[in-house]
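K.L.:
Numbering-wise (full-length UniProt numbering), the sequence shown opens with residue 1 and increments by one.
Just so you know, these hints were derived from the structure itself, not from any lab.
Simulated pairs of lysine-lysine, DSS-like, Cα-Cα distance not exceeding 25 angstroms:
1) 162 x 270
2) 162 x 145
3) 395 x 434
4) 499 x 533
5) 491 x 468
6) 533 x 491
7) 468 x 499
8) 491 x 526
9) 162 x 101
10) 456 x 468
11) 468 x 434
12) 220 x 247
13) 270 x 232
14) 220 x 232
15) 270 x 220
16) 101 x 145
17) 499 x 526
18) 456 x 434
19) 232 x 162
20) 456 x 491
21) 456 x 499
22) 247 x 270
Each pair of labels, with its calculated beta carbon distance range:
23) 417 x 198: 51 to 61 angstroms
24) 417 x 333: 30 to 40 angstroms
25) 109 x 433: 34 to 44 angstroms
No residue lacks a Cβ here, since even glycine has one placed at the ideal position from N, Cα and C.
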Amino acid sequence: MQRLIAIVTIGLGLTLSGCSTLSGPAAEPEKQAPTTRPEVSQTDRTEQSEPPPEPEYADFSEETLYSLLAAEVAAQRGRYDVTLVNYVEAAKSSRDIGVIKRALDIARSLNGDNAQNQLIALWLDVAPDSAEAHRVAAIQKVRQKDFETALSHMETLLQQGKEADFDTLAALSSNLSDAEQERLLGLYRELEDRYPDNRDIRYGTALVLRAQGNHEGALKELQPLLDESGQKPFQPALILRGDLLYKMGRQQEALDHLRYQSRRFPDNRKLGTLYGRILIDDGQLQAAEDQFASLVERFPDTPGLKLSHALVALENGHNQVARRQLEQLLDDEHHVNEAHYYLGRLARSAGQTEEAIAHFDQVQGGGQFFDALSQSTYLRGQSGQLDQAMQRLAKLRQQMPDNNERLWLIEINTLLDLERYPEALGAATAALEKHPENVQIRYARAMLYDRLDRFKASERDLRSILDKNPENAVALNALGYLLTVETERLKEARRLLEKALSLDPENPAIIDSVGWVHYRLGNHQKALEYLRKAYEAFPDPEVAAHYGEALYVTGEEEQARVIWRRTLEEHPDDTMIRDTMERLGVERDL
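Could you build all of it, start to finish, from the sequences and the hints given here?
P.N.:
Dropping the structure here:
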């Protein structure tokens, strides 16, 4: 019977994971290029632990056996709802702890809230003193925002002399609303009044305060735990103090504290990991690399530390160190997607195109999936395999309908990067036929029309975006700049650009555009103010060309040459500065 349940559960788990894989990787919001910052929670999750002992099962009735067999058949056919119903029935009829736990696992995987409630109540009825049952019940009640009941389960554990996990519940408060956090804080305060010497409750209160953003209050709450004498130090409080100090802007104090405590308690992985993360945030990348190397040596079975070490080494240009750690992750079958992604980047930077493509193709999910796909698509196009790359994207659009628009953007941007402008325009038009409301695709097509000198079509797409969202700073800037360089409608351009600037005042591209429209209007001193600010924030060739020209025509010819010379040293193939110099009659030899 035990084997039957194991087979059912394993089969269900495999089928469920297969189903989620076929639906494609979950889309994640676009953000900056992958960061080297390792999260403490990530390494916590990857820490290896001993598998729980196999539960023991009772002899089952014919009715229970039938329910379990029916559950197995339903799982094989992909009818997980039927599987869950049969498991719940089997749990109720058998009242067997092993079956209840298996049924609860299935209910969780299917987000069956009602079934979870039934099964937890059954578990507590069968084993009212079970610490595990009370913990599971507490977490379920927190998810349902029933904090009073959740904490009553924890208090029951405390009264039984068992580990109550008040900190685990408090850590969940970061996902709650302000009102819910305040309610939970009040309940923790009541617990503190009843159990004033309980470390876990005080620590939990500090966690809720941190979730509220009250770092000063959290540190004050924590202080009695830090001042204890004659007791073994409460190490979670030491970790939280370092985190709070850093969040309060007391960077050096946080670093000094964490350096001292991580050396004092070298076996505390979380303490050492937080110290490494804050070193990265503080820009001390070599010290961070040394810290993670030390952590990997002390905790060789924690894959998250190897990944963190690899990423910091990569940031420091220590590619061989990074490669060793990433290849070790592949050998150990941990963080496989991330390892392939960063090995692909290493191969690409070394000019090893085929190896890079092979690694990027093996990124099957996670946060790097779409960037890996984008890079492999570009590399195939660059190496004469463009048709194959486009066919792959078309196939993925069929397999991943929820990510259709994102996949179109990868195709459009790849063709744009390859300077295949007519094909990119065709792809953008085809994408808009299917997704006419997608702003990113319409904006991409507007920029392609501009590249192909089709000003009216570009203006039409940009105005279409602004008709739906007049506050779109990117579209306002694009249209204003387009009018500045392509027309004499300079007053209209200035109005658009000043509105864009009011919406996004620190954006250097918009600041440059405002400066350039002032230059075109003859407001040279005003232009210099904006262009100088844009250049200091983002000294790319186009901004340098604008700033240099404004300097040159206002008599600052030598300063203009310095700007142009410096930019050409960094971007020797750029044509915009050379075109500007030629138009102004400046000798090319700077």
